[in-house]
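So you can see what is in the structure, the chains are spelled out below.
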Amino acid sequence: MAGPGVSLRSIAKDERPTSTRVVAGRLMRYLLPHRAQVATGMAWLVASSAAIAATPALTGRLIDLATTAEGSGDASALTVPALLLVSATLVGWFAQRMQILTLGTAGQKALYQVRAEVFGKVVDLDVGYFEAVESGDLMSRLINDIEQINSFLSQGFRRLLSSAFSLVATLAFMLVVEWRLALATLLAVPIMLGVTRLFGMIARRAFRKRQEAIGDVSATLAEELGGIKVAQAFNRTDRNRSEFSSRNAVNRDANIGAATVSSAFSPVLAVISTSATAVVAALGGWGAAQGIITIGVVVAFLNYARQFFNAVTQLSSLYSDTQSALAGGERVFQLLDTASLVADLPHAVPAVDVRGRLEFRAVRFAYRTGAEILHGIDLTVPAGQTVAIVGPTGAGKTTLVNLAARFYDPTHGSVLLDGHDVRSLTLNSLRSSFGIVLQEPFLFSGTIAENIRYGDLAASDADVRRAAELAGAGDFIDLLPQGLDTAVGERGSTLSTGQRQLLAFARAIVGDPAVLVLDEATSSVDTRTELLIQNGLRGILAGRTALIIAHRLSTVRDAHRIVVLEGGRIVEQGSYGELLAAGGAFAALHGAQFGD
Amino acid sequence: MSSALIRALRFMRAYALWAVLGVVAVLASAIADLVSPQYLKRLIDVGISRNQPDVILSSSLMLVALAAAGGFASFLQGYFSARASHGAAFDMRNAIFDKLQRLSFAYHDRAQTGQLITRVTSDVDLVREFVGGGLVQAVSAVLLLGGAVTLLFRLDTQLAWIAILVLPATIGVLLLFVRRLGPMFKQFQVRLAALNTVLQENVAGVRVVRAFAREDYELKRYDHANVELLEQGLSVRKTVANAFPLLFSIGTIGVGLVTWAGAVQIVEGTLTVGELVAFTAYLYLLLQPLFVLGFGAQQIARSSASAERLFEILDAPEDVDEKTDAHALERVAGLVHFENVHLRYPGSPSETLSGINLTVEAGTTVAVVGATGSGKTSLVNLVPRFYDVTGGGVFVDGHDVRDVTISSLRGQVGFVMQDSVLFSGTVRENIAYGRPDATDQDVEAAARAAQAHEFILELSEGYLTRVGERGVKLSGGQRQRIAIARALLIDPRILVMDDSTSSVDSETEAAIRSQLDRLIEGRTSFIVAQRLATARRADLVVVLENGRIADTGTHQELLGRSCLYAQIASSQLIGGEETVAPSSCGPAPEPDGDR
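Chains as they are written, first to last, in our numbering: chain A, 1 to 596; chain B, 1 to 595.
This is chain A alone, in the form it adopts within the complex (with noise of 0.2 angstroms):
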């Protein structure tokens, strides 16, 4: 008989299994702060192995004792090996129970590090970190790699604990009791490790083909999902349908293959264990024939060898769980490693009294695998001033103002805020003094007012109120049915995309920010409304520095300066009415916009 819960899913995941004990090193880690539960937990493990293990040697002992009373019909000399025999079965219930409770409540708190740590990593690290990656994809591997983790520190880890003690104690009263038989139990044991090794190969193959299989499904999914609305309208969804089902056929295909393979794994297991119990019967029965050994003896050993092998067989399978598990330890490690690029250096003090002079010194810059977007840029904002810049789609224009909340470090050169290099200063002080509207409005999922406050945690109602009426969001505010207090969702989608640039611009002025970075805050909102924004707009610059980025020309007639950006350099500045009458770059673009 075969233990139960054998599986080989995921035999297959990890294909550098030299670095698997590092992770493992790591991972145990997490449990040293719970060492003393761990260390209790581990004796709740050796008393409750020790009690099962005990329990054959105990029925063998009340047969030998009940053959060597046969036919007399006193049983009286049964009654304490089975008072015994019943107390071994409630210790050993006991402290399972312990064992169980102990453990896993130090697997979960070493869980809940585990993920407060990943957390303080997202946190951390540089915003091109989540450029380079597909955030999806990113998603799925730390929900799932967690996951793994999580069933390793909360089961895995206490099963293979258990299976080994329960290996380990099965074979000290094998021994004990009769150690030649002992021994002829043994002789299985590297049989069935040479199959559990050419298993895993085999079914490494077809769990990767599993794995990558249900991967492309997923993919297709979020793709077709991401743009269903375009499907629709094109007519798209029969020819999506089939597409969708040959991938999903393969999918199931291949799961059906690793399903063949893993169905085989502990059938072949409980043959060979089988007839290693079958030899013992057989050699245990010729001991006994011949007054060798006694037959509660042989009794004891069919159980002992089901116990055996039901530990061996558990190892095998876990052995495989245990390798996934590690492997996604290890891709979170990864993470956890991953350096930040844009962090606080050692020596960096707060930023104080922000006045807002912004000065960019001869900066390039380059993405982490890309050309170079900024070829030596040299501008300076004096503090209190509006500068727009303006350019055509891919001049460097948001990369450029980037730079100055220190999203990225330039590869070259320096951004100065108020003489000193942002590199200098902490990044929180940094970016509280910054208000930025950024190109795509997210929202999080909460309450207008909340979404709002985002910006300040510490504005009243009546801050929010009016940050809301001078972005020009009240009045549709005001239409909605519970106010500020309308729940908007994960992308605020019950709202248009001009509705949300109101309240992202709302968010970037309640908290009275130094500096106001605009980056094509208003691209989506009607003329009219934006007319308004910019007359409430006049008194937020007023005394305010502020960088503002727009295609519409009207928009930044305002500014103090208008730089034109071309192919990430600066080919014109000067105000509005300077750069109309030098008839350059900025005038071919206004008379794109205004002429016909």
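Worth flagging that the hints you see were computed from the coordinates, not collected in a lab.
Hints are not guaranteed to be accurate.
Covered stretches of chain A, going by a simulated chain B footprint (3 or more residues, C-beta under 8 angstroms) [said to hold, decoys possible]:
#	region
1	22-31
2	73-84
3	88-99
4	249-259
5	352-359
6	440-448
Glycine is no exception: its CB is placed at the ideal position from the N, C-alpha and C atoms.
The hints should help you fit chain B onto chain A, whose structure is shown.
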């Protein structure tokens, strides 16, 4: 078992044969399991006790042969179950995908992609585990249980009665445990989802978090969710610790008691050692299906939650549904008529469009302008029937859009959306998305018309350059031009451009605009635009305000009579144009801040 789970069983119907074969295989392996204690008994009672080496040998060989036969049967069971369960999962996934393709924009507006993917992948798997694997196991377990009980009574009635005491105790504990653990698991899943939402938002909204330096705030938020999850995890552990060992111990205590009573019978001479050993072996056979059922019960708790989530999708009403007698729409002239149209989105307390009456003559261009949230996008979305009106009707060439087949309608509407979604694939494939069989010449012509040809040629592999998630990252403006080409390629009778140039720089926009006359020639066109430079050339301008038509007319007419329109116009300072608002207007927002 929940009703959702029972409903999920219908996916098994097509694979019933495999499932039945699976049950047969389980029974075959069970028979092998049931027979082998007989040989164990023979080995002990005849072989050992009477010292007959040939019996020892033959019984041992029989035990091995039975194990091999049983093993082969259980391998077949694994294979058959996989055929059945993965077949059912395949059908489930296809069914959900079909449904998602049919559900209207109203559904997808509110659905979260991440959650839908989880449903199709892991929820389907959980349901499959029960419907395909668990059910076969459970049916087999019940049959096995019956077999084991019968054999126990045939072997020794007195011992059987002791053994049978184990049953109610085990079942009692099982039920108690399942009833308590089911809701706890569910709650655990809820808290896990809450935790992952925070994670998700921090990955998706990383720039906002960084921009506002809200890392500490997010850490607190996450820790709160993490602590809640830990607490729930600990109470699940506690219940498991209380239940599982108890379950196993009831079994082993039963075996202990049976051994005791059996030993007494041996002393009394009414039982042989071999019989006792066989009996305890059967007792293990009795316990095993109980544990299978126990795990199965726990699985039911998890699977029913998943099944419920699947049917949430499958049962979602298809609000934009094709009538059974819908006819195909012949190639239209392009007359579009809105008659007293009302639109209220599901879950929204107020109407987005109220009482829209509008006729757009075939081949003319209508510009839709209005404030943010005034209903511009909603209005144009009604033409290809992305949503259904909640009152009134939309007519194309006199046909109510609800009376014609959806594909024949949408095949004649070229739609350029606000967000230009591209799919992974080549530029060519993306342009030919709505007409995969288009010739290279057609694709290029569409790209030229959309001002995309030049930049496409500059890409490393021209039209064969891969774009999308794993391909070249295009700028917003470039994506938009491909989206325009995509819409033009289907040579639509009606063209809808929903603010499709907002993220294009002004030079490109001007270039597109200069081509616009050619793009829209002979087509009915709806253009949602913030900039009036476009509206000025339209045959008709519709000004929306809070979901109602505030005014319609030509640019010049509206300038002369609509305050709202005059304000919009003055806010844009259209070069050289006289933009004095009608005298009846109240104070407009200050138009111009010349310094």
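Each hint, compared with the structure:
1. 22-31: Check failed, 0 qualifying residues.
2. 73-84: Satisfied; 5 residues make the cut.
3. 88-99: holds (count 9)
4. 249-259: Holds, because 6 residues of the region 249-259 of chain A bring their Cβ atoms closer than 8 angstroms to Cβ atoms of chain B.
5. 352-359: Violated - the region 352-359 of chain A has 0 residues with a Cβ nearer than 8 angstroms to chain B, which falls short of three.
6. 440-448: Satisfied; 4 residues make the cut.
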